[in-house]
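As you go down the protein sequences, you meet chains F and C in turn.
So the first sequence is numbered by this note's numbering: it starts at 1 and just counts up by one.
So the second sequence is numbered by this note's numbering: it starts at 1 and just counts up by one.
Since the hints were made in silico from the structure, they are not lab data.
Take these hints with a grain of salt, some might be off.
The list that follows gives simulated cross-link-like pairs (lysine to any residue, SDA-like), each with its CA atoms no further than 25 Å apart [claimed, not checked]:
1) C:Lys318 to F:Lys142
2) C:Lys423 to F:Ser151
3) F:Lys142 to C:Glu219
4) C:Lys128 to C:Pro178
5) F:Lys97 to C:Arg308
6) F:Lys103 to C:Ile413
7) F:Lys103 to C:Pro178
8) F:Lys145 to C:Glu219
9) F:Lys103 to C:Glu219
10) C:Lys423 to F:Gln144
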Amino acid sequence: MNPETSAGLDLKGVNIFYGDFHAVHNLSMTFQSREITALIGPSGCGKSTLLRSLNRMNDLIPSSRTEGEVIFHGKNIYDADVDPVQVRRWIGMVFQKPNPFPKTIFENVAWGARINGYKGDMEELVVTSIQRVALWDEVKDKLQKPALALSGGQQQRLCIARTIAVKPEIILMDEPTSALDPISTAKIEDLLDELKKSYTIIIVTHNMQQAGRVSDKAAFMLTGVMEEFGPTDQIFFNPKNPKTEAYISGRFG
Amino acid sequence: MSELFVRDNDQVDFAPNVAGRKARAGLWNVIFLAATLVGVLSLVALVTSLLDSCFGYVIVQDAYAWADVATDPTKKLEDLSQTELVTLIRSTAEADLTDLTLGRLKFLEMDRTLEVRTSEDLRSLVRKEILKSEIKKSWSLTESLLQANEIANLQKSKYPEGQLAFRSWLTPNFLTQPQTGGKAETNGLRGAIIGSMWIILIAIVVAFPIGIGSAIYLEEYATNNWLNRLIQTNIYNLAGVPSIIYGMLGLAVFVRLAEPLTSGSLFGVQDVNGRTVFSAGLTLGILILPIIIINAQEALKAIPNSLRYSSYGVGATKWQTVWHHVIPASLDRILTGTVFGISRAIGETAPLVVIGASAFLTLDPSGLFSKFTALPIQIFTWSQMAVPEFKHTAAAAIIVLLVLLLGLNTVAIIFRNRIKQSKDAL
């Protein structure tokens with residue numbers, strides 16, 4: 001797997017279960033490389049579940065079970081010979097609530113790279129990663145200070161820096177701005193535009209305006225079924241599925 | 001209290017009765033305060049009764065008069081020099097006038113010869129071995145304070161040759177002297193303190209790593225299947241098993257079954273059976289194991305999953321997640337649980353009795369394969385004695401045990417707070 005190229009993901013007949021509950025139904029779609037795809041839909045529709053299945057985070061939930069194929073660089077990440085630890089290094093994740101490590105700012109960015117055996121100049125990696133998330137000016141004098149002392153928005157950008165420091169190809173984001181104020185949200189949205197040049201980004205969001213602003217494609221999900229998937233403009237302004245139209249225009253959800 | 005801000009229709013739907021609700025709240029307040037006071041009072045009563053027995057008047061009387069023993073009766077014992085004392089002791093032993101025979105002297109010199117001892121040491125030897133000073137009667141602190149006149153009169157009428165003295169039973173000597181048997185006043189706690197420290201040390205060395213390891217397995221690795229649920233249920237139950245059962249286990253497994261190991265005969269140690277410091281430490285280690293496991297599990301449970309996810313999210317393995325993030329974040333709580341374990345172990349008596357603590361031990365427990373005694377055993381033994389003076393030594397020993405317990409807890413708490421501070425700084 002070459003970090004210089006940014007691969008997409010191919011989903012073929014993905015079904016996800018929690019015990020007896022069928023959370024995602026027979027879903028097939030393609031996430032294009034170097035695009036932002038937004039997953040939208042009402043609460044409980046299975047979009048976060050789907051997102052977590054894309055880097056095998058669902059494996060951590062004891063009762064969950066995934067069927068079907070998620071193809072990354074021609075290989076199904078659910079194959080028996082694939083270790084989820086390897087998957088997550090290439091397909092990183094940013095969570096809803098900022099969750100930096102209870103360590104220094106420097107260590108937050110360096111840790112992931114170090115455990116993955118990064119051989120280059122660690123200091124340079126940390127600096128460039130923080131610069132890429134537009135956090136450098138705010139933290140350059142306090143790299144050895146605790147990360148938890150930063151504001152929520154800064155913490156979330158640090159979490160993104162931590163993710164890109166291990167040089168992934170795909171970044172999964174689970175409502176990354178829902179715990180942030182509007183200014184921090186705007187900063188992250190600006191950042192997404194920039195990151196798109198290097199990474200494939202899949203973002204779950206409840207914020208329709210945000211999905212409209214940042215995404216190239218959008219997928220609308222309802223009760224575990226993907227109702228419509230297409231270019232964001234089409235989903236928002238010319239939906240083919242009446243359910244999509246009903247959701248977009250705010251009639252339910 | 002009259003109702004304020006009352007509106008007409010309010011009377012129909014609500015009966016606020018603020019005064020009545022507050023009165024009920026006040027009643028509960030009083031009940032809880034009373035409960036707290038009862039707890040505080042019983043603690044105060046405990047400490048007072050212990051201190052009460054630790055100090056008080058005693059009547060000391062010599063079995064042999066100084067005038068009969070001394071080479072020069074005009075000089076007092078306190079005025080003799082070191083060489084004079086040595087001469088006195090040797091000549092007395094040779095003359096065979098008192099209980100100090102040559103044989104007894106030889107036994108006493110096995111440790112150190114008279115010539116190398118200090119004058120103070122020799123004087124106490126004279127009192128103990130030649131004059132046979134002994135406490136004839138003793139009183140508690142309250143008795144000493146309230147009945148001072150009666151005590152003085154009693155001394156004059158019944159023990160005219162004795163001396164009335166105010167004695168503290170808790171002295172530096174009491175801590176450093178070994179057990180001697182015989183009179184209460186000559187006994188010390190040295191062996192019991194050393195024994196207790198040894199046993200706690202072994203128990204912690206055994207239980208801490210095993211306990212933390214089990215907790216990590218159960219919390220981080222074990223899947224929710226019937227076997228792991230069975231293990232978990234049993235650990236909870238084991239924490240509540242009466243300690244004497246652990247004594248039976250220690251007796252069967254460590255003392256009997258593993259005797260070659262626990263007696264040290266595997267390592268060439270002879271003349272000892274399995275009733276050793278090692279067996280006692282292992283038994284108490286097993287006893288506090290469930291406490292440490294459960295507390296460590298609670299500590300691990302308190303770590304939010306978001307921390308684990310953030311670690312997995314950058315491609316960490318389970319062990320890297322546990323080692324770099326989960327354990328450092330929970331270490332202060334894990335240590336708090338270990339403190340509970342230590343506190344439990346240091347006061348345990350029943351299992352040590354069962355596995356065969358020595359009620360009388362003059363030699364210090366010096367290693368894994370020594371015979372042992374411990375503070376609670378000593379307290380138990382002394383409190384069983386018919387001689388009333390032993391109740392003072394028992395009380396003094398209880399205070400030593402409590403202070404030791406407080407000391408160990410303080411060390412652990414300081415250690416824990418230091419970890420917590422460095423954790424909170426991040």
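Hint check:
Restraint check for Lys318 (chain C) and Lys142 (chain F): not satisfied, since their Cα atoms lie roughly 30 Å apart, outside the 25 Å limit. For a cut-off of 25 Å, the pair hint linking Lys423 (chain C) to Ser151 (chain F) stands: about 19 Å separates their Cα positions. A C-alpha spacing of about 35 Å is found between Lys142 (chain F) and Glu219 (chain C), which places the hinted pair above 25 Å, so the restraint is violated. Between the alpha carbons of Lys128 (chain C) and Pro178 (chain C) the distance comes to roughly 15 Å, so the proposed pair stays at or under 25 Å and holds.
Proposed proximity of Lys97 (chain F) and Arg308 (chain C) is supported: the alpha carbons are some 13 Å apart, at most 25 Å. Taking the CA atoms of Lys103 (chain F) and Ile413 (chain C), the gap is near 23 Å; set against the 25 Å cutoff, the hint holds. About 51 Å separates the Cα atoms of Lys103 (chain F) and Pro178 (chain C), which puts this hinted pair outside 25 Å; it is violated. This hinted pair does not check out: Lys145 (chain F) and Glu219 (chain C) have alpha carbons roughly 31 Å apart, beyond 25 Å.
A C-alpha spacing of about 23 Å is found between Lys103 (chain F) and Glu219 (chain C), which places the hinted pair at or below 25 Å, so the restraint holds. Proximity of Lys423 (chain C) to Gln144 (chain F) is assessed by CA-CA distance (about 14 Å); at most 25 Å being required, the pair is judged to hold.
In the structure shown, a violation is registered for the earlier hints numbered 1, 3, 7, 8, in ascending order.
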